[in-house]
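Asker: Listed below are the residues making up each chain.
Number of protein chains: 2
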Amino acid sequence: MVEPGENQATIAESLKSLGLTKYEALVYIALVRVAGATATEIHELSGVPRASVYPVLDRLIQKNLVSVSNTSPKRFNPVRPDEGVDSLMKSIESDAVFAREGLNRIYLECAHLERGDQELIWSIYGEENIRIRLLDLISNATESIRIFFYWGGLRKQIIQVLEEKKNSVSIEVVTDHWEGEIPESMNIWIKKPPRGHDIGPAKSLGGGVFLVDGSKAMVIMGSEEEGTSALYSEARGFVRFFTVYWNFFSSWARKKSQ
Amino acid sequence: MVEPGENQATIAESLKSLGLTKYEALVYIALVRVAGATATEIHELSGVPRASVYPVLDRLIQKNLVSVSNTSPKRFNPVRPDEGVDSLMKSIESDAVFAREGLNRIYLECAHLERGDQELIWSIYGEENIRIRLLDLISNATESIRIFFYWGGLRKQIIQVLEEKKNSVSIEVVTDHWEGEIPESMNIWIKKPPRGHDIGPAKSLGGGVFLVDGSKAMVIMGSEEEGTSALYSEARGFVRFFTVYWNFFSSWARKKSQ
DNA sequence: TAAATGTTGTTATAGCAAAAACAACATGAG
DNA sequence: CTCATGTTGTTTTTGCTATAACAACATTTA
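Read top to bottom, the protein sequences are chains E and W. Read in order, the letters of the first sequence are residues 1 to 258 in this note's numbering. Read in order, the letters of the second sequence are residues 1 to 258 in this note's numbering.
Just so you know, these hints were derived from the structure itself, not from any lab. Some hints could be false.
For chains that are exact copies, the list does not tell them apart, and a pair is met inside one copy or across any two.
[Said to hold, decoys possible] In the SDA-like style, the derived pairs of lysine to any residue whose C-alpha atoms are separated by at most 20 Å in a straight line are:
#, residue 1, residue 2
1, K165, T21
2, K156, T40
3, K16, R59
4, K16, R80
5, K74, L231
Generate the whole structure from the sequences, applying the supplied hints.
Answerer: Here's what the structure looks like:
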């Protein structure tokens, strides 16, 4: 019924990222379980030291998550959880809007201070971050997209974005697998990965090279052991290197298919 | 141009409620101001101790708010502020959804544990909280609404809710002022507040009594000095007391108008 | 070239504030 | 009186903040 611990702890974690402390989360959850409990009951339900319950409840009352009765002993009631969470979210969201606007203004004002950004090579860690950057890169392409792709993740999402761009930019892809039908307006070569690309100490290694408009390059290296990381650059040398790389493998792919 | 301090501090505060620490916020803001800065430049811009900049940047990288170049010295780049804030919000929001669902399930499962809730009187502090509860109370009325209202706040919102209910429940209101046209389906008496209601030590004191379906009562007491607080109850005695109170003043209002 | 200087990235450690945990005491109802 | 409540104060812990020191490397100057 009221399944214990496991789930409860997770909810507490979630509440913490909404700005509550551990105790505030535990007390609130306890109160949701038995509305109208006394301080001592809350203490027993939540495991929070009895003396700590009072200041914690005070804070929850301030945050409009709890109300008090004027009986003796006092009893406490949670606001309906959906209302409570929503009201927390609303306040966070308004902060987010404020921060976004302020930062964006600063960002735009200072955009002119570009300092040879184009000459640098940026490292990106974490699949999520890479995903965002990569899709951003592809969907902002104006002329050409060249992809050399031997990696499991992101395949579907990339294909989806390419579908959207297929009529406005030139697309060429070398990969080992394609999901769905291949559109006529793209040049796709399906190839098993070349030898040398799955050798090495890594259990599962994959890679992808993305060239956009001949001026931007993103390279993804994924291994199960060390996580995924990527490089991005608009630097001449970097782009040229991977353009050569891509030319080599795309011609390899063409030959072998003939 | 780049207006200083004042605004930045506020943005930093907002970022903190999105889960960043003070330093993380300051460093990120500095980076938005000059993208591609070195650690030392960030230190100078943000006021964060140079040695602290490194671990802070590590955390920001983990949170996908910053990427690194592999030059020497390293240079750092912020993700576009709107993307950054959005990605923070997204993660918070997913926590919120999770918490809301989990809590709501617990709440509904445990609803049967009602422990004579109806006999208690609940205190509610803070205008915002009172507002939510009051509007919730009124809009869930099924039979009757009786209001005795001598208070500035909330007038418009209450009227709005009443407009929506005017055809489904019986509405009677005694107050000192009405905004807009008085609908025919409501019984409204406009009266200056009775003597005794604005006496006392408080500079600006106001009150409101709300009786719903003859079984729920909410009483609001507002004073500029001590803030606003409210009582809510479904307790027999409490409701009866304020029903008598309301009967008395509504008959007073009727008489004087004839 | 060699010594002096400065910068970067790292590590260690002390300080601090909020939260957590505990202990002691006053109160009030039965 | 006795028990549970509500309050207060103190200690411990925790995570962020702040400072100092260091090795590695680059730059300057003699």
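Asker: Could you work out which earlier hints the structure fails to respect and list their numbers in ascending sequence?
Answerer: 1 and 2
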